[in-house]
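Student: One letter stands for each residue in the lines below.
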Amino acid sequence: MNAQYSRPLDVKHGHVDLSHGSGGRAMAQLIEELFARELTNDFLAQGDDGARLADPRGRLVMATDAHVVSPLFFPGGDIGCLSVHGTINDVAVMGAKPLYLAASFILEEGYPLAELARIVASMARAARAARVPVVTGDTKVVERGKADGVFITTTGVGVLREGIDCSGARARPGDAILLSGSIGEHGMAIMSLRENLAFDAPIVSDTAALHELIGALLDAVPQLRTMRDPTRGGVATTLNEIARQSGVGMLIDEAAIRVQPPVEAACELLGLDPLYVANEGKLIVICPPEHADAALAALHAHPLGRAASLLGYVHADARHFVQMQTRLGGRRIVDWLSGEQLPRIC
Amino acid sequence: MKYIDEFRCGELAAGLAAAMRRDANPEREYRFMEFCGGHTHAISRYGIADLLPPNVQMIHGPGCPVCVLPIGRIDQAIRLAREQGAILATYADTLRVPASQRLTLLRAKAQGADIRMVYSTSDALSIARANPDREVVFLAIGFETTTPPTAVAVLTAAALDLRNFSILCNHVLTPAAMHAILSAPQGVPLDGFVGPAHVSTVIGSAPYEPFADDYGKPVVIAGFEPLDVMRAVHMLIAQVNDGRAVVENEFTRAVTRAGNLRAQALVAEVFELRESFEWRGLGTIPASALRLRAPFARFDAERRFTVPYKAVADNKACACGEILRGEKRPQDCKIFGTVCTPENPIGSCMVSSEGACAAHYTFGRFREAAA
Numbered sequence: 001m002n003a004q005y006s007r008p009l010d011v012k013h014g015h016v017d018l019s020h021g022s023g024g025r026a027m028a029q030l031i032e033e034l035f036a037r038e039l040t041n042d043f044l045a046q047g048d049d050g051a052r053l054a055d056p057r058g059r060l061v062m063a064t065d066a067h068v069v070s071p072l073f074f075p076g077g078d079i080g081c082l083s084v085h086g087t088i089n090d091v092a093v094m095g096a097k098p099l100y101l102a103a104s105f106i107l108e109e110g111y112p113l114a115e116l117a118r119i120v121a122s123m124a125r126a127a128r129a130a131r132v133p134v135v136t137g138d139t140k141v142v143e144r145g146k147a148d149g150v151f152i153t154t155t156g157v158g159v160l161r162e163g164i165d166c167s168g169a170r171a172r173p174g175d176a177i178l179l180s181g182s183i184g185e186h187g188m189a190i191m192s193l194r195e196n197l198a199f200d201a202p203i204v205s206d207t208a209a210l211h212e213l214i215g216a217l218l219d220a221v222p223q224l225r226t227m228r229d230p231t232r233g234g235v236a237t238t239l240n241e242i243a244r245q246s247g248v249g250m251l252i253d254e255a256a257i258r259v260q261p262p263v264e265a266a267c268e269l270l271g272l273d274p275l276y277v278a279n280e281g282k283l284i285v286i287c288p289p290e291h292a293d294a295a296l297a298a299l300h301a302h303p304l305g306r307a308a309s310l311l312g313y314v315h316a317d318a319r320h321f322v323q324m325q326t327r328l329g330g331r332r333i334v335d336w337l338s339g340e341q342l343p344r345i346c
Numbered sequence: 001m002k003y004i005d006e007f008r009c010g011e012l013a014a015g016l017a018a019a020m021r022r023d024a025n026p027e028r029e030y031r032f033m034e035f036c037g038g039h040t041h042a043i044s045r046y047g048i049a050d051l052l053p054p055n056v057q058m059i060h061g062p063g064c065p066v067c068v069l070p071i072g073r074i075d076q077a078i079r080l081a082r083e084q085g086a087i088l089a090t091y092a093d094t095l096r097v098p099a100s101q102r103l104t105l106l107r108a109k110a111q112g113a114d115i116r117m118v119y120s121t122s123d124a125l126s127i128a129r130a131n132p133d134r135e136v137v138f139l140a141i142g143f144e145t146t147t148p149p150t151a152v153a154v155l156t157a158a159a160l161d162l163r164n165f166s167i168l169c170n171h172v173l174t175p176a177a178m179h180a181i182l183s184a185p186q187g188v189p190l191d192g193f194v195g196p197a198h199v200s201t202v203i204g205s206a207p208y209e210p211f212a213d214d215y216g217k218p219v220v221i222a223g224f225e226p227l228d229v230m231r232a233v234h235m236l237i238a239q240v241n242d243g244r245a246v247v248e249n250e251f252t253r254a255v256t257r258a259g260n261l262r263a264q265a266l267v268a269e270v271f272e273l274r275e276s277f278e279w280r281g282l283g284t285i286p287a288s289a290l291r292l293r294a295p296f297a298r299f300d301a302e303r304r305f306t307v308p309y310k311a312v313a314d315n316k317a318c319a320c321g322e323i324l325r326g327e328k329r330p331q332d333c334k335i336f337g338t339v340c341t342p343e344n345p346i347g348s349c350m351v352s353s354e355g356a357c358a359a360h361y362t363f364g365r366f367r368e369a370a371a
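Protein chains in written order, with the working numbering: chain A, 1 to 346; chain B, 1 to 371.
Hint data in this document are derived by calculation from the structure and do not stem from the laboratory. Glycine included, every Cβ here is placed at the ideal spot set by N, Cα and C. Where hints are given, some of them may not hold.
Pairwise CB distance ranges (calculated) [unchecked claim]:
hint, chain 1, residue 1, chain 2, residue 2, range
1, B, 111, A, 300, 28 to 34 Å
2, B, 117, A, 12, 34 to 40 Å
3, A, 320, B, 57, 27 to 33 Å
4, B, 117, A, 303, 35 to 41 Å
5, A, 303, B, 131, 47 to 53 Å
6, B, 133, A, 75, 34 to 40 Å
7, A, 163, B, 26, 57 to 63 Å
8, B, 131, A, 301, 54 to 60 Å
9, A, 319, B, 332, 16 to 22 Å
10, B, 368, A, 170, 26 to 32 Å
11, B, 368, A, 245, 19 to 25 Å
Produce the entire structure from the sequences given, and follow the hints as far as they go.
Tutor: Below, the structure written as structure tokens:
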């Protein structure tokens, strides 16, 4: 503890107050005793306004993601680890190796310091496990009622792997579409906690950092065209984004979509389509058809891709429809999500 | 998942499709109306049209509670929230229904009206209990399926002596709408109905008997799962081929002839027939909707507040009226998919996932693209 503070931060019983964001001693203490202690690394230890980074030797990739999930804690995770995973995944799906994170916190006056400490600890654990340090950060406090507990924005920097050219604009007719596992867990884990909705079945968020899975996949198949993590709006929205960006159509097979029984049951009950429910640890991969088997094998070899499946194929379609062969034997469009299915999911 | 997979099985569907192709007489057309939006949704979502013989045509009916709600009713709800300062509790389906002055409940909410989405009538009651100094109005909509929960809410409010709770009642009746469709002077030619699923669990199958006996139209009540719909269509084909017109029940796992007597008693205790009610698309239909009985008048937002109903004409370019009467298909509307989309609905049929236009836009419009 730094000797200049007469008393240590009361993490157990204290609350965030406006002085924690004022730039004064209370803020310095919060940063030192709560944030820096958990997220400790050489960059933060410099104590400067920014972090001096090593020469990355390659093209940089940068991504940012704001997290406003409600509730802040949910089965399988919390806003802390989610904010690490989300941004690592955004960098990784570009075909880059994530190197550093920056984190900015907006705290609501009155938020318990004990809960903030849990969130920061979870963030630190996730960053350590991913080996992607949080190298710089910022904290602001807003008056009670002007935020909802904690909002976290993370920004990630990574270096593009040599020879990799992944983009949502590169899908071509004939390409195979792969999906790394079962869908809808994150969204339904959140939904199951929302007011007035309680399910007995435990639905656990799939929040996870995908960069190691992606690294293994790129080792096996550097020819990948597109990778994207189907978060808000789910698999359906992500496929439509890629179809539009690449100017193609898609045909997927409903039988290849995996949904865990509790997720399926909760979706049935609420009238939701799991194709539109958010994921935080899943990957959509598009690759030339001749590499589909190798890509699938690489996914299957990693714990996060064990339930991967061949979802369908890209084809030429001037209207960029994503269509689905239903299990019943019919065909339908899998359209863009219209309206808001589940607000504040991440 | 058990009790779901059985009703969505591709092998069974292929078998039913083959049986329909075998039994449908190629010399004639079969035109069946699925009354319910739930069936419309199932037909589109599972691609059932691909599995029906080409000479069997499904015509979408008006059984979508949001679709038949006229503009003037949404206007009333918005006025309750804006002018009376009430908290308006509503099912999410109504939020995007177009009202006057380019408003929707969602836009009124964004502009500051206190409009809250609820999943059940008991949520609305909870809001009323939690806000004793505010008026709370529940926008009650729907056919016979959603009426009993509203009745329970009113009875609960009476038992708790909740002074700040009322409902804006828009509950409508299925058989009245079917009569209106069949008795329209230039009505659409129909060979039979796929009868409602959830509505029939409440009212039973008996109320459909006049459609078979008096109008000579076969009715087969069907569940909302895709195999239910396919089996019901097969049963309708058989009735037409045999020259029969009776009420048959495919949905025997949930529907009886008498229906849910307890729910019916609750509804009868709380509600009485309105003399007439304006439906979007079908016009003003006598004895087609409900209102609260006199002893419950204090829970009736229309009597509690001064928000008189004012009829407002639909957008002239919108064909929701013809579509709700089965006279046009969504793709026959001039503004379908161009001006009118789920993101910017002009007519109510583009709003709810049960609406014919939204279902066709969301699931089926690739068929026109290919044609």
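Student: Against each hint, give a clear statement of whether it holds in the structure.
Tutor: Structure-based check of all given hints:
no., hint, in the structure
1, B:111 - A:300: 28 to 34 Å, "violated (52 Å)"
2, B:117 - A:12: 34 to 40 Å, "holds (37 Å)"
3, A:320 - B:57: 27 to 33 Å, "holds (29 Å)"
4, B:117 - A:303: 35 to 41 Å, "holds (38 Å)"
5, A:303 - B:131: 47 to 53 Å, "holds (49 Å)"
6, B:133 - A:75: 34 to 40 Å, "holds (37 Å)"
7, A:163 - B:26: 57 to 63 Å, "holds (59 Å)"
8, B:131 - A:301: 54 to 60 Å, "holds (56 Å)"
9, A:319 - B:332: 16 to 22 Å, "holds (19 Å)"
10, B:368 - A:170: 26 to 32 Å, "holds (29 Å)"
11, B:368 - A:245: 19 to 25 Å, "holds (24 Å)"
In summary, the structure is inconsistent with hint 1 from the numbered list given earlier, while agreeing with all the others.
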